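Generate coordinates for the entire structure from the input sequences, incorporating the hints supplied.
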Amino acid sequence: MATALERSTTVTVTSGRPAWMEPPGPPEQVAKTLFLVAIAVVMLFPFVYVVAISFSSAKDVLAGGLILWPKNPSLDAYQAILRGGIVARALLVSTGLAVFGTAAKMVATVALAYGLSKRAVPGAKLVLFLVLGTLLFRPGLIPSYLLVKNLGLIDTYQSLILPGLISAFYLVILRNFFMNIPQELIEAARLDGGSDWQVLWHIVLPLSKAVLAVIALFYGVDIWNAFFNAVLYLNDASMWPVQLVLRQYVLQGSAMASAITLDPNQPPPPAQTLQMAIVVVATLPILVVYPFLQRYFTRGVLSGAIKA
Amino acid sequence: MAMRHSRRALLRTTLGLTGITSLLAACAPATPASPTSAPVAPKPTSAPPPAPTTLPTPAPPAATAPATAPPGGSLGTPTALAEGKLPSPAVGVPDGFTMMPKLLKSYDGKPGRGGKVTVFTIAYQPPPVPRDQNQMWQELEKRLGVTWEPIITPQPEYGNKSAALIAGGNLPDLFYLNPGQNAAPQYKAMDQGAFTDLTAYLTGEALKAYKNLSTFPDYMWNNVKFKNKIIGVPKPLQRNGNIAFYRGDWVKKLGLDAPKSMDVLHDLLVAFARGDPTGSGQKDTWGLGRYGTDWGGWDSTLIAFNMFGTPFNWRKNPDGTLTHQIETDEFRMGIDFLRRLYADGAFHPDSAGMTFAQCQGAFIGGKIGAHSEGLGNFYSPTIASTVYFKMRQADPNAELVGLYPTQAGGAKGVTRNTQGSFGYTAIPAAVGKDEERVKELLRILDYLAPPFGSEEWFFLGYGIEGVDHQVTNGVPVLNERGISERGDLTYIMAGLPTLFIPQAPDAVAPAQKMAHEILKIGIDDLSWPLYSATDIAKRAELNQFGFDSMTAIITGRQPLSALDDAIKEWKSRGGEQTRKEFEQALAG
Chain A
1 MATALERSTT VTVTSGRPAW MEPPGPPEQV AKTLFLVAIA VVMLFPFVYV
51 VAISFSSAKD VLAGGLILWP KNPSLDAYQA ILRGGIVARA LLVSTGLAVF
101 GTAAKMVATV ALAYGLSKRA VPGAKLVLFL VLGTLLFRPG LIPSYLLVKN
151 LGLIDTYQSL ILPGLISAFY LVILRNFFMN IPQELIEAAR LDGGSDWQVL
201 WHIVLPLSKA VLAVIALFYG VDIWNAFFNA VLYLNDASMW PVQLVLRQYV
251 LQGSAMASAI TLDPNQPPPP AQTLQMAIVV VATLPILVVY PFLQRYFTRG
301 VLSGAIKA
Chain B
1001 MAMRHSRRAL LRTTLGLTGI TSLLAACAPA TPASPTSAPV APKPTSAPPP
1051 APTTLPTPAP PAATAPATAP PGGSLGTPTA LAEGKLPSPA VGVPDGFTMM
1101 PKLLKSYDGK PGRGGKVTVF TIAYQPPPVP RDQNQMWQEL EKRLGVTWEP
1151 IITPQPEYGN KSAALIAGGN LPDLFYLNPG QNAAPQYKAM DQGAFTDLTA
1201 YLTGEALKAY KNLSTFPDYM WNNVKFKNKI IGVPKPLQRN GNIAFYRGDW
1251 VKKLGLDAPK SMDVLHDLLV AFARGDPTGS GQKDTWGLGR YGTDWGGWDS
1301 TLIAFNMFGT PFNWRKNPDG TLTHQIETDE FRMGIDFLRR LYADGAFHPD
1351 SAGMTFAQCQ GAFIGGKIGA HSEGLGNFYS PTIASTVYFK MRQADPNAEL
1401 VGLYPTQAGG AKGVTRNTQG SFGYTAIPAA VGKDEERVKE LLRILDYLAP
1451 PFGSEEWFFL GYGIEGVDHQ VTNGVPVLNE RGISERGDLT YIMAGLPTLF
1501 IPQAPDAVAP AQKMAHEILK IGIDDLSWPL YSATDIAKRA ELNQFGFDSM
1551 TAIITGRQPL SALDDAIKEW KSRGGEQTRK EFEQALAG
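Quick mapping for you: the protein sequence lines, in order, are chains A and B.
Here the first sequence is numbered in this note's numbering, starting from 1 and rising by one per residue.
Here the second sequence is numbered in this note's numbering, starting from 1001 and rising by one per residue.
These are computed hints drawn from the structure, not numbers from a lab.
Possibly wrong hints are sitting among the right ones.
Claimed, not checked - With a cut-off of at most 25 Å between alpha-carbon atoms, the simulated BS3-like pairs for lysine-lysine come out as follows:
#1 B:Lys1412 with B:Lys1520
#2 B:Lys1316 with B:Lys1116
#3 A:Lys71 with B:Lys1102
#4 B:Lys1316 with B:Lys1513
#5 B:Lys1260 with B:Lys1580
#6 B:Lys1102 with B:Lys1253
#7 A:Lys149 with B:Lys1116
#8 B:Lys1316 with B:Lys1538
#9 B:Lys1229 with B:Lys1367
#10 B:Lys1520 with B:Lys1229
#11 A:Lys149 with B:Lys1316
#12 A:Lys149 with B:Lys1433
None of these values were measured; they are calculated from a predicted model.
Set out below in structure tokens:
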């Protein structure tokens, strides 16, 4: 009895950690791995399918069935999309919008969030209340259009950025993050003679890199994916962002397919192939950016989840 | 729906500009605006009864001021002279052309006066190359004598953009109206006088100033009237509606008879599903695809309704009252026919949720054996990008046979015509205050509706030689630059449909004959020119209700007798009121 107890105590002591932190045994490991692999496959499966179809030859796609690897790889669909330079131009527009738009949105959001994170600012409550109101009450299509039109923003890139410059949701996240930064750090900076701007720039922002990266990513993706405002506010089709142009290709997939057939004896890529190629082209830039932000991403998304 | 455009676009590129329109025409009506949206059967406007053949002719507004009007104008159709012309045998059947004609100028001078013209247009293609790099656009402006600024609007967003523009005021100079494309609120704007009444400009003597527009058949003008007024200039579309075709090679392989009666047709469609016509050894074929999106179907349901001679939405009784198609025996027989087909397994398992594009894909891919589609898709397997062509790519032995309603259903079969147009271009009221401006804009539309074989037709269809197209063996072929330069720059208008198939000139005569045969049994929706506020407000809702009710019966969830309840509910939810309003409008 006593020995047994002793032994067990010894074990606990030697491992130096509580039971729930013990490394799992091999069967558990295997089960976990299988489970996670299964989930990963479920997540990756549609994507592999999309990519495979986009590179498949017309014949294979028309024959139907599940394609997970292009049997007769073909670049027809991509060539079709990139011909004429319209998509290339739109990619440029979208990149510009994403870069400048995200920058503008970040500046505005950070500025307001920092201001509102200070309890002493007079009227902060009211401003916050108004901002939160935008979460509940959204302008309809027509009022938004009239506002943008009366501001003279029709046919400007600003019309795609200024409406909704600050997302109330991200603002609240950011404000709460700022409020959780230890006051002592800020007071110390103050004692050293730092102004509000200096405190923000040298103390608060560096401490908030994770959440800033995440919000910037969200903003960037939002801008990248947006197309409806462009339909509404841009009369000049040469200003269209890539999502709107690609949408035209997707929706009118077969129209496009026909439109790009140069040799009447050569069947155009089927609509499905084109659509998948478009999905790849539209998603790729975001996928490329994501790994660079990933290390911030997990931290940022979890920020505020656990109180220290 | 996407398909429709697709087809349209392709045809356009492969055939001449005019040829295309005709072909698409065929497809257009059948395809609802979008998979989710209300079915097309565009029923844009309303107005008094199916007008007499000639339009009322109010005096043209204020005599023209010759001083300001530029000289020139359209010269009439040079096509009369064209070699290889197969003249239309009847109104509504396109002229056919078996060879590239010698181009003649059909317009003298420039229609425009040098200003800017903004144009709201629906678009099915990616945006055109920007003006500064677009030679065709630059040349277009030179020819029109104006700065041409289209507001290219993707089809799915057309309704929203239209609503926003109308709410914002300051409408563009030319406004493409097509309420059937998710833009029913346009009716309200028309009703409130947002657009110029063009009746005085486009009827009688006044119309003669626009030579090309004056060649438009009367039905085109009548079918787009709103409250007896001409609000816009219709964009021509072929009259033939959708028509069903089936796999003749499958019938042979399975040793079946041609469908001479509805019973034989039933057995044939079931055999497509139960047999193995593709020889794959698997159960992977069916008779029919999706059944439609509303009461009328448009897809495989329409096959049945047409076979039984169901009226196109409304039937006028001798006493002047109206009977809706769902209240007719023919409709009930059609539903019963489909119900039995479903029970016997002739329908594709995904038929309830299929989009038009998926249904078309299933037909091309040899999964279903019968399908309803624009006529232009079946003229010949040699016409690139048509359904027939694509099917031959997938299966070189594929044979398509027309399922003409008269063959199987006895002499009562029908097909549903299109309005002969796809949308119409209006001039906002504010712009219309200036009569000279109205005339200038109408001249521009006139220019954009050139006759086949004219130099203008060639330019609008093929752009500039060496830049936008190459001529091989006398046949112009748009190149990739031409396709992206042209885009939907001048989508709002086109010349009358013609049959011109450069790659398959032999297909022209049979195609024209086919179009004629089908037009003979074509029926119109008598409510096209009629106005009913209830119809406009309730149509989408009732269509959805109709589709749901029909689905329940066809799939066997409910007995055929449930149709009576559905009709009752349809009446109480606006059907009866719509009938009353149409009857009143009809009585005039």
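Hints versus structure:
1. At most 25 Å may separate the alpha-carbon atoms for a hinted pair to count; B:Lys1412 and B:Lys1520 meet this at roughly 12 Å.
2. Between B:Lys1316 and B:Lys1116 the CA atoms are separated by roughly 47 Å; this puts the pair beyond 25 Å, and the hint is violated.
3. The suggested pairing of A:Lys71 with B:Lys1102 is violated, with an alpha-carbon distance near 48 Å, which exceeds 25 Å.
4. Of the pairs offered as hints, the one joining B:Lys1316 and B:Lys1513 is violated, with about 30 Å between alpha carbons and a cut-off of 25 Å exceeded.
5. Restraint check: the Cα-Cα separation between B:Lys1260 and B:Lys1580 comes to about 39 Å, which exceeds 25 Å; the hinted pair is violated.
6. For the suggested pair B:Lys1102 and B:Lys1253, the alpha carbons sit about 46 Å apart, so the restraint of at most 25 Å is broken.
7. With a CA separation close to 20 Å, the supplied pair A:Lys149 and B:Lys1116 stays within the 25 Å bound.
8. As the CA atoms of B:Lys1316 and B:Lys1538 are separated by approximately 21 Å, the hinted pair is consistent with the 25 Å bound.
9. For the proposed pair B:Lys1229 and B:Lys1367, the alpha carbon gap of about 47 Å is over 25 Å, so the pair is violated.
10. A C-alpha spacing of about 29 Å is found between B:Lys1520 and B:Lys1229, which places the hinted pair above 25 Å, so the restraint is violated.
11. For a cut-off of 25 Å, the pair hint linking A:Lys149 to B:Lys1316 is broken: about 48 Å separates their Cα positions.
12. A threshold of 25 Å between alpha carbons decides the hint, and for A:Lys149 with B:Lys1433 the separation of about 24 Å falls inside it, so the pair holds.
Consistency note: the structure conflicts with the earlier hints numbered 2, 3, 4, 5, 6, 9, 10 and 11.
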